[in-house]
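Student: Sequence:
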Amino acid sequence: MIWVKVLSKQEAERDDFVEMAKVEGKKICIVKHKGNFAAIQNTCPHAGGILSGGWCKEGHIICPIHRYGYNLETGRGYTGQGDYIDVYPLELREDGLYIGFRQSWIKRLFS
Numbered sequence: 001m002i003w004v005k006v007l008s009k010q011e012a013e014r015d016d017f018v019e020m021a022k023v024e025g026k027k028i029c030i031v032k033h034k035g036n037f038a039a040i041q042n043t044c045p046h047a048g049g050i051l052s053g054g055w056c057k058e059g060h061i062i063c064p065i066h067r068y069g070y071n072l073e074t075g076r077g078y079t080g081q082g083d084y085i086d087v088y089p090l091e092l093r094e095d096g097l098y099i100g101f102r103q104s105w106i107k108r109l110f111s
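Note that our numbering has the sequence shown beginning at 1, numbered continuously upward.
Keep in mind that the hints were calculated from the coordinates and are not lab data.
Predicted model only: the values in this text are computed from it and were never measured.
Quick reminder that beta carbons are idealized off the backbone N, C-alpha and C, glycines included.
Take every hint as true, because none was put in to throw you off.
In silico lysine to any residue, SDA-like type, Cα no more than 25 Å apart, as pairs:
hint, residue 1, residue 2
1, K9, C56
2, K27, G77
3, K26, G100
The following label-pair restraints were derived from C-beta to C-beta distances:
hint, residue 1, residue 2, range
4, D83, K27, 17 to 27 Å
5, M1, E73, 15 to 25 Å
6, R67, I2, 30 to 40 Å
7, P64, K22, 12 to 22 Å
8, E94, R67, 32 to 42 Å
9, E73, E11, 13 to 23 Å
10, R67, D16, 15 to 25 Å
11, I65, E94, 31 to 41 Å
12, H66, M1, 28 to 38 Å
13, E91, E19, 11 to 21 Å
14, D15, G82, 26 to 36 Å
15, G80, G53, 20 to 30 Å
16, G82, G59, 13 to 23 Å
Using the sequences provided together with the hints, build the complete structure.
Tutor: Quick look at the structure:
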């Protein structure tokens with residue numbers, strides 16, 4: 001696993017937020033909801049909506065286009081949607097928030 005810093009400690013200490021972070025050219029949606037962090041793909045698989053433009057409700061990110069919801073921990077869509085989003089591991093360290101990528105994915109970025 002390769003770990004990349006996405007937020008400074010000060011940025012991570014803010015109140016709840018939903019925002020986009022660019023990590024090595026890839027757009028990731030970073031969420032802080034009720035004090036918990038999540039990192040997910042930034043594009044809704046249903047209609048291509050930008051998830052960082054959405055909001056959180058009951059542990060789900062809600063797409064701003066058609067209000068499809070995805071679990072922040074598992075990536076699963078609401079019952080009946082039949083879709084999911086990618087969820088990335090996060091680590092809160094002394095100097096900030098880090099996102100983890102499988103090494104094979106990072107290698108493809110630099111190939």
